[in-house]
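We have chain A; now place chain B onto it with these hints.
Respectively, the protein sequence lines represent chains A and B.
The letter at position 39 of the first sequence is residue 56 when you use my numbering, and the numbering goes up by one with no holes.
The letter at position 201 of the second sequence is residue 1102 when you use my numbering, and the numbering goes up by one with no holes.
To be clear, the hints were calculated from the coordinates, so they are not data collected in a lab.
Just so it is clear, the structure is predicted and the values come from calculations on it, not from any experiment.
Positions of the beta carbon are idealized from the N, C-alpha and C atoms, including for glycine.
Certain hints may be false.
[Stated by the list, open to error] Just the calculated beta-carbon pair ranges, DEER-fashion: (1) B:1095 <-> A:176: 48 to 54 Å; (2) A:188 <-> B:957: 22 to 28 Å; (3) B:969 <-> A:194: 51 to 57 Å; (4) A:189 <-> B:1082: 55 to 61 Å; (5) A:70 <-> B:949: 23 to 29 Å; (6) B:932 <-> A:176: 32 to 38 Å; (7) B:963 <-> A:158: 25 to 31 Å; (8) A:52 <-> B:1057: 47 to 53 Å; (9) A:195 <-> B:930: 33 to 39 Å; (10) B:1090 <-> A:189: 55 to 61 Å; (11) B:930 <-> A:204: 28 to 34 Å.
[As the list claims (entries may be wrong)] So, partial list: chain A residues that the calculated Cβ filter (under 8 Å) puts toward chain B: (12) 75; (13) 78; (14) 216; (15) 219.
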Amino acid sequence: MTIIPLPARAARLYGGPVVTEATAFQDEQDDSVHTLATRLVAGEETALEEVFDRWSPLVHTYALRALRDAHEAEEVTQQVFVAAWRSRHTLTPSPAALPAWLIGIARHKVADARAARAREAGRLAAVVSLPGVTDHALQSADEEIAERLVVRQAVEELPDPRRTIMFLAFWEGHSHAEIAEKVGLPLGTVKSHVRRGLMKLHQQLEGVRHESR
Amino acid sequence: MSHVDPEQLAGLALDPTDAPAEVREHVETCPECAGLVAAFTGVRRRAGEDALVAPPAGLRALVLDQALAGDDAPSGPAAVDTGPRRRSGVPLWLAGVAAGLALLAGIGLGRLGADDTPEAVDPPTGDSTVVAATALTALDSDAARGEASAVESDDTFTIRVSASELGDEPGVHEVWLINVDGKRMISIGLLASGDEGEFAVPVDLIDEGYRIVDISVEPDDGDPTHSGVSIARGELT
Chain A
18 MTIIPLPARA
28 ARLYGGPVVT
38 EATAFQDEQD
48 DSVHTLATRL
58 VAGEETALEE
68 VFDRWSPLVH
78 TYALRALRDA
88 HEAEEVTQQV
98 FVAAWRSRHT
108 LTPSPAALPA
118 WLIGIARHKV
128 ADARAARARE
138 AGRLAAVVSL
148 PGVTDHALQS
158 ADEEIAERLV
168 VRQAVEELPD
178 PRRTIMFLAF
188 WEGHSHAEIA
198 EKVGLPLGTV
208 KSHVRRGLMK
218 LHQQLEGVRH
228 ESR
Chain B
902 MSHVDPEQLA
912 GLALDPTDAP
922 AEVREHVETC
932 PECAGLVAAF
942 TGVRRRAGED
952 ALVAPPAGLR
962 ALVLDQALAG
972 DDAPSGPAAV
982 DTGPRRRSGV
992 PLWLAGVAAG
1002 LALLAGIGLG
1012 RLGADDTPEA
1022 VDPPTGDSTV
1032 VAATALTALD
1042 SDAARGEASA
1052 VESDDTFTIR
1062 VSASELGDEP
1072 GVHEVWLINV
1082 DGKRMISIGL
1092 LASGDEGEFA
1102 VPVDLIDEGY
1112 RIVDISVEPD
1122 DGDPTHSGVS
1132 IARGELT
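In isolation and in its complexed conformation, chain A is listed as follows (with noise of 0.2 Å):
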């Protein structure tokens, strides 16, 4: 199966009237983005050589956690890019379009993979593992790893300070005073770069959200 993006819904804006930095928050990499989008879908070869190298990591790391297997990972990673290109035309270029996209394919080729594997592992295994359960475990379970990678890849694209603050933060559990003293920022300061980070990995999961729906 084939995703074919319609134009991307309007993920939520923030905004209102009592906002007033609103569109500090679209930056320069959802253009980044949407350009490449753009060149892919125009056939150009050196677009996907950099869609490989921006988000090949993202589909491994998400195979390889669906599969638990190295070698099926790689298979999958390579289907996917291949698979990505055969059928770029279908790519509605926005800002959160690449991944979404090319996470609606690994997921295919996952589930692809899986149905190879209960063929080999013959009828009797698959009428003892209740397939209708398991695979909505699965499912969700494979929708939980896509979205922690995601933001996981959000954080990492990030500028600095904001990305140091935000790992500093977020993965080692440091209070925002700690932090202030370790950066050499003001409190104040680190404290907006923690809650715009943390709109911004929003922004970024919503827009995959909608775009792989």
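Chain B alone, transformed into the frame defined by chain A:
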């Protein structure tokens, strides 16, 4: 109703004790702001994942080789058609169909013309004749998704769909005929029970080139247009 600055809501999600009283009070009475706080909390909960693992170095070259080597059909028309000035009013994904079909155009055209003698693919049962058929496949692979046929009997014309392995994505399965010009499509009905369906259609449609059978997953969102999620497709020939 005015809302709280999302940055304040992010602050509240991170540390409720650090938020001003008026922000907390507002959130208690505003479902929208409370929803955003909950969403921020959900994102925070999803942080902490280990670093992403890049695939082995050799994979990049393999992907590029395989992708670019097997690249034929889409590159011609797609390369010409893309860009911001593409046909106005034609959704990108549908234009993609056109690009993919450009090479096929002409092969089957007129085969179902009114003057043609219908070709019996299957032995006729009763007075009905299968005049065209196609295997349905997934769009991103050749995985089988069943079959469709066009059946003529007396003065009626029917598209029979017998699909398989359509997946379990939530939503109803809607059957469409896409014109080989890649610009027009029409819904002919829903797969109401299971994966089988029969849809009477005016024969004129087929003559006009509506010969690509497409099955989509339609969410219950009140939008009558194609969801953009196609799970099976095949061209009647």
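>> When the structure is checked against the list of hints, which entries are broken? Sort them ascending.
In response: Violated: none.
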